[in-house]
Amino acid sequence: MDSYKVIVWGTGMVGQYALRYLLPRPDLTLVGVKCYHDAKVDKDAANLANGEHAATGITATNDREAILAMDADVCIFVPFDALTDPSVEGTPSSAWVPDLLDLLRSGKNVVTSILSISHWRHLKNGEAFKAGVEAACQEGGSSLYVGGIDPGFVPDALGYISSCIVSEITSIDTWEVLDYGSYEILPAMRMLGFGSRPEDMSADGIETLRTCWGGCPHIMADAFGVTLDDVRVDVDVALAKEAYVSDSGLEIGEGTIEAIKFRVAGVRNGKDLFAVNHVTRMGQQSGPDFYRIGHDGGYGIDIKGFPPVKADFPFGLEGGTGKGWSDAMVMTSSRLVNAIESITLAEPGWRLFTEMPRQGGRFALKDA
10 MDSYKVIVWG TGMVGQYALR YLLPRPDLTL VGVKCYHDAK VDKDAANLAN
60 GEHAATGITA TNDREAILAM DADVCIFVPF DALTDPSVEG TPSSAWVPDL
110 LDLLRSGKNV VTSILSISHW RHLKNGEAFK AGVEAACQEG GSSLYVGGID
160 PGFVPDALGY ISSCIVSEIT SIDTWEVLDY GSYEILPAMR MLGFGSRPED
210 MSADGIETLR TCWGGCPHIM ADAFGVTLDD VRVDVDVALA KEAYVSDSGL
260 EIGEGTIEAI KFRVAGVRNG KDLFAVNHVT RMGQQSGPDF YRIGHDGGYG
310 IDIKGFPPVK ADFPFGLEGG TGKGWSDAMV MTSSRLVNAI ESITLAEPGW
360 RLFTEMPRQG GRFALKDA
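Position one of the sequence shown corresponds to residue 10 (my numbering), numbered consecutively onward.
Hints may contain errors.
With a straight-line Cα cutoff of 25 Å, these simulated DMTMM-like cross-link-like pairs (lysine to aspartate or glutamate) come out [to be verified]: (1) LYS270 / ASP239; (2) LYS49 / ASP281; (3) LYS332 / ASP239; (4) LYS139 / GLU356; (5) LYS49 / ASP108; (6) LYS319 / ASP231; (7) LYS133 / GLU193; (8) LYS270 / ASP238; (9) LYS375 / ASP311; (10) LYS270 / GLU356; (11) LYS139 / GLU61; (12) LYS332 / ASP298; (13) LYS14 / GLU208; (14) LYS332 / GLU260; (15) LYS133 / ASP238; (16) LYS250 / GLU193; (17) LYS313 / GLU263; (18) LYS49 / GLU61; (19) LYS280 / ASP231; (20) LYS250 / GLU260; (21) LYS14 / GLU74; (22) LYS14 / ASP108; (23) LYS375 / GLU74; (24) LYS133 / ASP239; (25) LYS250 / ASP281.
It is worth saying that the hints were derived from the structure and are not from the lab.
Computed from a predicted model, the values in this text were never measured in an experiment.
Take the sequences, apply the hints, and build the full model.
Printed below as a string of C-alpha cells:
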C-alpha cells in the first residue's frame, strides 16, 4: 500500500483533530508538524493530537524553512485565520498567503479549511489571487483543495450531489445551526458583532460574512454551469435579555447581540439560486426564535423544486464528541484527512470538489 507523507501546519483545534485521525491511518505517514506557539515546540505529535497515541518521534517546530524543505506529498494547512480578505495586501489574513504559495511552489499539495478561499470570485482581488495560486501550483506541480464541513461539504458538495434526485430545481439552501459559545477566538466573534449593540455592528462584520461564505454560491454556480449576477448578504440578530458570559469568556451585555442569523445568497435573474444560511448562537438559550436543528445544532439542506428535498443532520449524537461545535471540528478535519489521496491524484492547480478524484472515508472504516 502506498503511504503518503503528510505535514500538519497549525495545531489549533482542526490541526489537533487532523493529527488524531491521520496517525493511525495505514496509508498516511506524518513527517512534520508546524506550530506557532513556543510552548508546543519539540512536543511529540502524539501529545498534540486530540486523542491517545503512542509517541511518533515527530516533534513540532516553528521553523518555517525547515518545514518547507521537508519531503512531503501533502500539507494540511490550518493556520490561524482572522476572517479577512486574503487577496487584499495588509489584511490580517494576507499574512498566511506567502506560506501557502511557498508550500505549493515547493511541490507539496495543500488541503485547507480556510473559509475565505473556498473560491476566488467573491474576493476583492480574486482573479489576481487565483493567478498567484495557479502560478505557484504550476511551478511546484502541486494542487490546492479547500475542504471542511461548511464551506467544503454541506453548501457545495452535499448540495450538488443531493440535486441529482430532483428533476426541476428552483433553489438550493443549506443551513448551519451551531452554538459558538465555546469558540475561543474571541476577536473573531467580536468582529461578527457578538456582544455589540445592533447600531454599533460594524460594516467589517457584514463584509466578513461575504468573505468567509461568499465563495459557496460560486462553487455551486460553477458546478451547475451558470454565472451569478451578485452575492447578497442579509443579517438578523437576537438581543440578550440579561447579561452573561459565554463558555469561552465572551461578555454578552443586556441588549447586545447574542445570536446572529445570516444568509449569503447567489443571485441570478433577480432570484436567490444558491444560499448559505447560518444561525450562530452564544449558548443554546440565545436566539430562541431562530431556526433550530435537534438539541445541539447541526446542518441541513433544503432544495425547492420537484420533488422538493429537505434533510437535517443533527449534532451532539451519542457516540460523538457530545457537543455540536466539536462535532463540526471533527468533520472539518476528517474531510481534510480524507482528501489527501484525492489531492495527490488531481491535476496541478486550484481544484474545486467537482475536479477532484474520488473522496470518501475508505480508511476510516473500522476492521476493514
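A quick look at each hint next to the structure:
As the CA atoms of LYS270 and ASP239 are separated by approximately 20 Å, the hinted pair is consistent with the 25 Å bound. Restraint check for LYS49 and ASP281: not satisfied, since their Cα atoms lie roughly 46 Å apart, outside the 25 Å limit. For the hint linking LYS332 to ASP239, the alpha-carbon distance of about 35 Å lies beyond 25 Å, and the restraint is violated. Restraint check for LYS139 and GLU356: satisfied, since their Cα atoms lie roughly 16 Å apart, inside the 25 Å limit.
A C-alpha spacing of about 19 Å is found between LYS49 and ASP108, which places the hinted pair at or below 25 Å, so the restraint holds. In summary, the hint linking LYS319 to ASP231 is supported, as the alpha carbons are separated by about 23 Å, within the 25 Å threshold. Among the hinted pairs, LYS133 with GLU193 is inconsistent with the structure: their alpha-carbon atoms are about 28 Å apart, more than 25 Å. As the CA atoms of LYS270 and ASP238 are separated by approximately 23 Å, the hinted pair is consistent with the 25 Å bound.
Our distance criterion of 25 Å between C-alpha atoms is broken by LYS375 and ASP311, whose separation comes to about 32 Å. With a CA separation close to 38 Å, the supplied pair LYS270 and GLU356 exceeds the 25 Å bound. Restraint check for LYS139 and GLU61: the C-alpha separation of about 39 Å exceeds 25 Å, so the hint is violated. With a C-alpha separation of about 21 Å, the suggested pair LYS332 and ASP298 falls inside the 25 Å cut-off, and the hint holds.
Between LYS14 and GLU208 the alpha-carbon distance is near 50 Å, which puts this suggested pair outside the 25 Å criterion. Taking the CA atoms of LYS332 and GLU260, the gap is near 21 Å; set against the 25 Å cutoff, the hint holds. Between the alpha carbons of LYS133 and ASP238 the distance comes to roughly 16 Å, so the proposed pair stays at or under 25 Å and holds. Between LYS250 and GLU193 the alpha-carbon distance is near 23 Å, which keeps this suggested pair within the 25 Å criterion.
Proximity of LYS313 to GLU263 is assessed by CA-CA distance (about 38 Å); at most 25 Å being required, the pair is judged violated. Note on LYS49 and GLU61: the hinted pairing holds, with a Cα-Cα distance of about 17 Å set against a maximum of 25 Å. Proposed proximity of LYS280 and ASP231 is supported: the alpha carbons are some 17 Å apart, at most 25 Å. Of the pairs offered as hints, the one joining LYS250 and GLU260 holds, with about 13 Å between alpha carbons and a cut-off of 25 Å not exceeded.
Taken as a hint, the LYS14 and GLU74 pair is honoured in the structure, with Cα atoms around 18 Å apart against an allowance of 25 Å. In summary, the hint linking LYS14 to ASP108 is supported, as the alpha carbons are separated by about 19 Å, within the 25 Å threshold. Of the pairs offered as hints, the one joining LYS375 and GLU74 is violated, with about 37 Å between alpha carbons and a cut-off of 25 Å exceeded. In summary, the hint linking LYS133 to ASP239 is supported, as the alpha carbons are separated by about 13 Å, within the 25 Å threshold.
Using a Cα cut-off of 25 Å, the hinted pair LYS250 and ASP281 is violated, with the two alpha carbons roughly 33 Å apart.
Hint violations for this structure: numbers 2, 3, 7, 9, 10, 11, 13, 17, 23 and 25, all remaining hints satisfied.
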